[in-house]
Every structure is written in C-alpha cells, then in structure tokens.
Amino acid sequence: MKTSMIMIVCLLFATTLLPVGLSAQAWPDSLDLVFGFDGTGNMVTMSPPVYSGNITGGSAELSGGTWMVEIDDSQWPDISDYETRWNYIFDNYYSYTGTGWEAVFNGDNLPEKPHWEINTSNGSMYGTLVLSVVMSDCDMDGVLDIEDRQSGSFSGTMMVMKYGTGYFSKYCGDGAYNGSFNNSDPANFADDFVWGNGALYLIDCSIGTEEISWGAVKSMNR
Amino acid sequence: MIMKRQLILGIALLVLISAPDAQTTTIYDSFALQGYGSFMDDNPTWSGNLTAGTLSPGTFWMEIDDSCWPADDPGTPENERWDYIFSNYFSYNDTEGAECWDAFFPNTDLGDSWIEWRFMLDNGDIIGGTSGRFIVTVQDLNANGIMEDSEYQNKVCSGTLISWINFGAGSYAGFCGDGSFSGQLNVTDQSTMEEELYVPSPTWATGMMTMTDEGCSTATENSSWGAIKSLYKE
Numbered sequence: 001m002k003t004s005m006i007m008i009v010c011l012l013f014a015t016t017l018l019p020v021g022l023s024a025q026a027w028p029d030s031l032d033l034v035f036g037f038d039g040t041g042n043m044v045t046m047s048p049p050v051y052s053g054n055i056t057g058g059s060a061e062l063s064g065g066t067w068m069v070e071i072d073d074s075q076w077p078d079i080s081d082y083e084t085r086w087n088y089i090f091d092n093y094y095s096y097t098g099t100g101w102e103a104v105f106n107g108d109n110l111p112e113k114p115h116w117e118i119n120t121s122n123g124s125m126y127g128t129l130v131l132s133v134v135m136s137d138c139d140m141d142g143v144l145d146i147e148d149r150q151s152g153s154f155s156g157t158m159m160v161m162k163y164g165t166g167y168f169s170k171y172c173g174d175g176a177y178n179g180s181f182n183n184s185d186p187a188n189f190a191d192d193f194v195w196g197n198g199a200l201y202l203i204d205c206s207i208g209t210e211e212i213s214w215g216a217v218k219s220m221n222r
Numbered sequence: 001m002i003m004k005r006q007l008i009l010g011i012a013l014l015v016l017i018s019a020p021d022a023q024t025t026t027i028y029d030s031f032a033l034q035g036y037g038s039f040m041d042d043n044p045t046w047s048g049n050l051t052a053g054t055l056s057p058g059t060f061w062m063e064i065d066d067s068c069w070p071a072d073d074p075g076t077p078e079n080e081r082w083d084y085i086f087s088n089y090f091s092y093n094d095t096e097g098a099e100c101w102d103a104f105f106p107n108t109d110l111g112d113s114w115i116e117w118r119f120m121l122d123n124g125d126i127i128g129g130t131s132g133r134f135i136v137t138v139q140d141l142n143a144n145g146i147m148e149d150s151e152y153q154n155k156v157c158s159g160t161l162i163s164w165i166n167f168g169a170g171s172y173a174g175f176c177g178d179g180s181f182s183g184q185l186n187v188t189d190q191s192t193m194e195e196e197l198y199v200p201s202p203t204w205a206t207g208m209m210t211m212t213d214e215g216c217s218t219a220t221e222n223s224s225w226g227a228i229k230s231l232y233k234e
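As you go down the protein sequences, you meet chains A and B in turn.
In this text, residue positions in the first sequence follow my numbering: the first is 1, and each later residue adds one.
In this text, residue positions in the second sequence follow my numbering: the first is 1, and each later residue adds one.
Each hint should be verified, as a subset may be incorrect.
As the list claims (entries may be wrong) - Not the full set, but computed from the structure, chain A residues with beta-carbon under 10 Å of chain B:
no., residue
1, Asn42
2, Ala60
3, Glu61
4, Ser63
5, Thr99
6, Val104
7, Ala199
Just so you know, the hints here were simulated from the structure itself, not pulled from any lab data.
Computed from a predicted model, the values in this text were never measured in an experiment.
Using N, Cα and C, we set each Cβ at its ideal position, and we do this for glycine too.
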C-alpha cells in the first residue's frame, strides 16, 4: 500500500507539477525579470498583425528566448487594400496631441486584448497586454508626414497568465514594456523594426494546482 | 544693394537652419527613474531622480492634469476624489487568468490636458514636453472584480513621451523627439496614498529617448522667417 502510494505521488509530481528534467523547487516563489528585445511586425500588411523577435538581453532566465505579440484585427478592413486598412487604423485609433499622434490598442477598442507570449529553453509564458504608440509631429504642422511615420515610441503593461510551461508553470503576475520603432518605407507599408526593454514581476500562483493534486492524492489514498 | 545683401544673408541663414543634410544628429538616450507622488495631491506630480542611463544623473517631474477632479470631502466616509478617478480612468478586463483594471491618463474625453514632463540633468541639459498615455494596470489577483487595497498596492505602469524643442536646453537645444518608459507604481504610504514611480533599474536603464535635430519646428524658425520678411520689406 505504502509503495503504491509513493509511486502515485511520484507519478503525479512527474506528470502534473514538473516538466521533464526540471525542478520547480529550484526557482523562488517570486521572480523579477528584465529583458531587452527586438523584432519586426506589420499592422497593415499582416492579418492578424503579429510582432515577433528575439530576447536580446536581461535576466538569464529569459536568455535566448523569443517573443510574439498578436493583435485582434477581426473588425479591421482586410489586407487586400493596404491604404484602406491604414486609413482605418489611423482614423480609429490615433488622435493628435498637439505635438504628435497617439494610439492605444486595448480591450476597450478591440474585440479582445492583444496577447503575447515568450518562449525560452526554460519554458513559456503567455498573457495579455495593452499597447500605446506615439509618433512625433516634429515640424508641428498637424499633418502626419511620411517622415513622422518613420519612427516613434511605444509602451504598455502586461498580464502574465498562470498557464505557463516549464519553470514558468507556477508563475503569474504582471509586467510592463517600452521601446522604439523604425520604418524604412512607410509609404509602401514596410515592416516596422522594434526594439526595447521590459520587466516581469512574477509570483507563485500554483497553489490552486497543488491543492487539486493533493486532493487527488488524498482521494486515491482513501 | 544693401537690401539684396541682407536678403542673400537671410536666405543663407535659413538654409543653414533648415537644410536636411549629413549634419543631422540623432541621439539614442536611456534612463531609469525613481520618484514619488500621489493621485490625491492637488496637481498630482511625480518627481524624483534620474538614477541610471545616459540621461543620469538628474531629476524629473511628471504632472497630471487634475483640473476636473474633485477634492476629497473629509466630512464623508468616502474618498470622492478616488471614486472619481476609479470611475473615469479605470476599466476592468475579465480575460480569464488575466483579470485586471487598466487606467489611461489623460482621459481626453473629459477634457484633460496631456501630461507634462521634464528631465533636468545635473549638467544643465533639459528635455521635456507632453506624454502620450500614462497607463496603470492593477491585477485582480482573486478575480473577484473588486479592487482590494492589497491589489492596488503593487502595480505596473508605462508611458510614452514626446519631447518639444521648446523645452530643450544645453546639449538638447534644437532637438525634439520621443521616448518611452515602463516600470512599477507602488503605494508607499497608505494614509496619503503616496506612490513610488520606479522605472528599472540602476543596472539596466530601460527608459528610452530618441532625439533628433532634424525638422524640429521652433520659435527660432518663425523669428527667422519674420526677420527675413522684415529684411525684405526694408
């Protein structure tokens, strides 16, 4: 009886709590991570718009990883006419601040909040985010010139969902990111090149999972 | 003859000021912030130090327009000011596993002005302007749709910045640009609701500014045109 009990516990640990070859105990209950990133993407020519690239620096836990952000464009004009699609985005999301243009993409003006993921050799994390973008009106003429569209900045906040894998499986939390973008040919809707930094503030959210596992063990023992 | 010489001089001056040429300078700067402020203050302003990056050492401030916000009435149990902020700036997102409140400052639908900011470097350089949107996100950790004090205590924030040439001084005179930051906004004093704005970090400066001296509109350019017109009239 005792042997089978131990075997069941080990099996549960191996299959439900720990990814193969990893020890969840090795990582702390809370974890603050910083990261640098770069990548490319395109809101006009891609449906759904996806920005993706590499983790370029920061905390060792994310080293060598990749990232991806996807925006729900199901209510936007399709990509058959880039001009129409760009005009829709500009008219519906951007507003003039007096010194530039600012846009927010979030759950209030999209069918769903944009979502993100980070994949590393240590596991994956997923979640939602909000995105704010600015483009300066350097000559302050109130007209979005091609030069104004060649660069800008962005920032946002992130929610880390408790559906990660690997070492990250026990964590949830929040985070924030910021960066810059360049576009070599906005008139022809070239891809944006983006780069920036971010931080994730993770806490152990696996208590619910553990309770379920322990409950199952107790049930089997009975 | 004198008028012609003045006109040629004026045109040459204008060409020197406005010609987009190889002398265009673009500066990529970094910064980290640590400062304090409170939404409960009149003219809520976060101020503190530039703690790392190419823009440090120095100080900063960032002021939110609260001209439409009510003051708290100490004679009532409620905090009318906080209630107003919560109702008008925070919205709940119920995505399963990522429940949270997102707030966006300013709310231009209410007539808020854009947030103003300045970075004042110890070497005398200054940059500043208005921000895009300042975003604050509060996790609903127990997903019950009620914002508890413990949930508001620690939260994340981000912002975008537009730098006006009008506020550039020192090395940044004649420069304009944009930038961004992200970090945490954590309550440090429950009684005053003072909050620390922290943009990491002393070792990894995550805030970014891109400044250029190309194409920036200036009062100087206007006066140059005015001077040329004035010269031409003579």
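List in ascending order the numbers of the hints, as given earlier, that are violated by the structure.
1, 2, 3, 4
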